[in-house]
Amino acid sequence: MQPSSSSAQAPSRSNLAGWLYVSPLVLVLVPFFVAPILVVLAASFFATDGFGGLTPGFTLASYVEVLHSALTLKLYLATIKFTVLTWVFTLIIGFFVAYFLVFHVRNQLLAIGLFLLCTVPFWTSNIIRMISWIPLLGKEGLINQALLAMGVIHQPLEVLLFSDLAVVIAYVHQLTIFMIVPIFNSMARIDKKLIEAAIDAGASRFDIMRLIVVPMSKSGIALGTIFVVSIVMGDFFVVKVMSGGGSASVVSAFYEDVGVLQYPTAAASAVLLTLVLVAIVSLILRTVDIRQEITR
Amino acid sequence: MSAVLADMPETVAPATSKAIAPSKGGRPWTFYVLATLFGLYVIALYGPMFCIYILSFQDIRGGLVFPMKGHSLHWFVDLFTQVRTGDVKGSFDRSIKLAVIVTVITVVVSFLAGLGFRKRFRGDTFVFYMMIGSLVAPGLVLGLGTGLLFQALGLNASWYSSALGAQLSWTLPFGVLVMFAVMSRFDHVWEEAAYDLGASRWQSIRLVMIPVLAPGLVAVALFGFTLSYDEFARSLQTAGSLNTLPLEIWSMTLNVTSPSLYALGTVTTIVSFIVIGASLGSIVLIQKKRGSQAKG
Numbered sequence: 001m002q003p004s005s006s007s008a009q010a011p012s013r014s015n016l017a018g019w020l021y022v023s024p025l026v027l028v029l030v031p032f033f034v035a036p037i038l039v040v041l042a043a044s045f046f047a048t049d050g051f052g053g054l055t056p057g058f059t060l061a062s063y064v065e066v067l068h069s070a071l072t073l074k075l076y077l078a079t080i081k082f083t084v085l086t087w088v089f090t091l092i093i094g095f096f097v098a099y100f101l102v103f104h105v106r107n108q109l110l111a112i113g114l115f116l117l118c119t120v121p122f123w124t125s126n127i128i129r130m131i132s133w134i135p136l137l138g139k140e141g142l143i144n145q146a147l148l149a150m151g152v153i154h155q156p157l158e159v160l161l162f163s164d165l166a167v168v169i170a171y172v173h174q175l176t177i178f179m180i181v182p183i184f185n186s187m188a189r190i191d192k193k194l195i196e197a198a199i200d201a202g203a204s205r206f207d208i209m210r211l212i213v214v215p216m217s218k219s220g221i222a223l224g225t226i227f228v229v230s231i232v233m234g235d236f237f238v239v240k241v242m243s244g245g246g247s248a249s250v251v252s253a254f255y256e257d258v259g260v261l262q263y264p265t266a267a268a269s270a271v272l273l274t275l276v277l278v279a280i281v282s283l284i285l286r287t288v289d290i291r292q293e294i295t296r
Numbered sequence: 001m002s003a004v005l006a007d008m009p010e011t012v013a014p015a016t017s018k019a020i021a022p023s024k025g026g027r028p029w030t031f032y033v034l035a036t037l038f039g040l041y042v043i044a045l046y047g048p049m050f051c052i053y054i055l056s057f058q059d060i061r062g063g064l065v066f067p068m069k070g071h072s073l074h075w076f077v078d079l080f081t082q083v084r085t086g087d088v089k090g091s092f093d094r095s096i097k098l099a100v101i102v103t104v105i106t107v108v109v110s111f112l113a114g115l116g117f118r119k120r121f122r123g124d125t126f127v128f129y130m131m132i133g134s135l136v137a138p139g140l141v142l143g144l145g146t147g148l149l150f151q152a153l154g155l156n157a158s159w160y161s162s163a164l165g166a167q168l169s170w171t172l173p174f175g176v177l178v179m180f181a182v183m184s185r186f187d188h189v190w191e192e193a194a195y196d197l198g199a200s201r202w203q204s205i206r207l208v209m210i211p212v213l214a215p216g217l218v219a220v221a222l223f224g225f226t227l228s229y230d231e232f233a234r235s236l237q238t239a240g241s242l243n244t245l246p247l248e249i250w251s252m253t254l255n256v257t258s259p260s261l262y263a264l265g266t267v268t269t270i271v272s273f274i275v276i277g278a279s280l281g282s283i284v285l286i287q288k289k290r291g292s293q294a295k296g
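Chains as they are written, first to last, in the UniProt record's numbering: chain U, 1 to 296; chain A, 1 to 296.
By construction, these hints were calculated from the structure, which means they are not laboratory data.
On a predicted model such as this, the values are computed, not experimentally measured, just so you know.
Worth double-checking, as some hints may not be accurate.
[Stated by the list, open to error] Pairwise CB distance ranges (calculated): (1) Val33/A / Lys193/U: 24 to 30 Å; (2) Phe273/A / Ser282/U: 36 to 42 Å; (3) Lys69/A / Leu73/U: 45 to 51 Å; (4) Leu116/U / Pro211/A: 43 to 49 Å; (5) Asp59/A / Arg106/U: 29 to 35 Å; (6) His71/A / Asp289/U: 52 to 58 Å; (7) Val30/U / Lys289/A: 37 to 43 Å; (8) Leu73/U / Arg206/A: 54 to 60 Å; (9) Ala201/U / Tyr53/A: 50 to 56 Å.
Yeah, the Cβ is synthetic: ideal placement off N, Cα and C, and Gly gets one too.
Full structure from sequences and hints, please.
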């Protein structure tokens with residue numbers, strides 16, 4: 001993706017060609033991404049009759065309501081808790097799975113095969129993968145049955161399903177792949193000669209990890225983090241189903257608001273969430289140029 | 001996973017690169033630790049899914065947890081004949097149709113955008129970040145915005161209009177990202193050779209680029225189909241009165257407590273596996289054919 005020499009000579013022509021090629025993409029994104037965001041932004045300033053009717057106008061009442069509500073803080077804290085926990089576990093598992101595939105599996109074809117084994121569930125339904133934890137974590141689920149049989153516990157554990165623990169398990173189950181793929185990609189680009197040179201120079205296994213592998217996987221970690229954070233923060237159905245209604249996040253509260261037709265409050269909360277998300281993502285983007293990273 | 005699929009040509013060839021240092025003789029202890037971690041990850045990834053496939057084959061006494069109560073196809077029959085579980089057949093039909101439409105549009109638009117992004121043009125960064133924004137924006141919020149937009153314009157929301165657009169705002173960024181990975185491995189020499197031999201732009205795309213990039217385009221199609229077929233958050237507020245399959249599953253998770261929910265999970269996963277198998281199979285086939293032609 002280097003700027004080509006021809007674009008310097010005939011900038012207007014190459015500009016036109018570029019825009020022609022991306023115009024179908026833009027024609028989809030403008031009505032179905034830009035416009036909806038603007039609609040939500042507009043709706044957050046509208047007044048409502050409480051029955052789903054919107055009165056065009058400009059009032060900050062919804063923002064005042066959202067920001068003054070004690071619930072908002074609670075929702076954000078819950079969302080941040082889920083995000084951080086999920087991020088830590090997906091990062092640790094994702095990093096070591098990628099490391100294993102790149103540096104420990106000697107047969108490349110086998111490595112690709114194992115990699116695909118990890119990615120196949122990504123192409124299946126998230127909802128189904130989430131509910132598939134019910135027979136395991138439930139009160140009469142396999143884990144409780146096993147623990148009871150072994151005599152570790154005498155009462156079935158109730159915290160396994162419909163709890164914050166279940167929410168985090170479901171997130172990690174669904175999202176680790178978003179860490180594995182970009183980290184695998186950046187690790188696979190590390191020149192093996194570099195590591196051989198480090199060994200020849202007397203570096204220990206830990207030194208190699210600390211001084212070569214981790215720094216050179218940074219872009220993959222950043223990309224994976226963007227995926228995991230934005231998905232967890234934008235999620236509502238995992239929280240709703242896996243917590244059994246016991247926990248809520250910012251977006252699940254948004255979903256409830258929409259259910260009772262409180263559009264302006266929902267929209268105001270969505271706008272605030274989007275701002276938080278944009279802030280986090282741009283902080284991450286400052287550490288890595290993803291466009292260069294992806295297109296290289 | 002995109003880049004890895006695109007990487008396959010190099011890796012199908014005899015693997016020359018070896019894993020790092022400990023290539024002489026025994027495995028280091030870290031190998032065994034990480035192999036165990038990897039094994040546990042794969043078990044945790046697939047184990048729960050297989051539990052619900054197994055449980056869906058219970059007979060009429062069946063419940064949501066182990067142990068199995070008999071075995072039969074009762075819940076599959078129940079799924080497609082009972083009215084109380086909703087319109088499974090109709091939603092299944094709609095989801096497949098919608099996924100096919102989304103796949104075709106995603107492949108064409110992503111391919112063109114991939115061509116466009118090869119050269120810098122004025123405003124390319126803007127388009128790129130618009131795409132990233134569309135990828136990370138909370139799906140439910142975008143869906144609501146699209147729904148409100150249609151309402152404001154006096155249009156009826158339906159699965160083939162608003163939901164189609166909402167899903168494209170999700171599949172296109174993935175499609176274009178896969179195209180980036182594919183394009184970065186495309187040797188421009190072939191295209192220039194085609195021009196030197198007097199090919200028109202269209203001829204070089206049709207006769208050189210599409211055949212060379214075929215495996216990558218299959219990968220884009222795989223993403224388009226599976227992401228649309230399983231898409232949920234963006235469709236929720238945009239599908240109108242007729243449900244797609246994930247929406248049907250969602251409403252079942254809230255009110256159905258019989259193994260017919262698992263049966264639906266099994267059916268939809270079989271469809272996903274067929275699509276994944278066909279895609280990966282055809283990629284391997286194209287590569288093999290190419291390999292033998294190169295040798296012959």
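Do the hints match the structure? See the list:
1. Val33/A / Lys193/U: 24 to 30 Å: 26 Å, holds
2. Phe273/A / Ser282/U: 36 to 42 Å: 38 Å, holds
3. Lys69/A / Leu73/U: 45 to 51 Å: 47 Å, holds
4. Leu116/U / Pro211/A: 43 to 49 Å: Since Leu116/U and Pro211/A have Cβ atoms about 24 Å apart, the given range 43 to 49 Å is violated.
5. Asp59/A / Arg106/U: 29 to 35 Å: The hinted range 29 to 35 Å is violated for Asp59/A and Arg106/U, with Cβ atoms some 48 Å apart.
6. His71/A / Asp289/U: 52 to 58 Å: At 55 Å between Cβs, range holds.
7. Val30/U / Lys289/A: 37 to 43 Å: 40 Å, holds
8. Leu73/U / Arg206/A: 54 to 60 Å: With a Cβ separation near 58 Å, Leu73/U and Arg206/A satisfy 54 to 60 Å, so the hint holds.
9. Ala201/U / Tyr53/A: 50 to 56 Å: Because 52 Å falls inside the window, the suggested range holds.
Hint violations for this structure: numbers 4, 5, all remaining hints satisfied.
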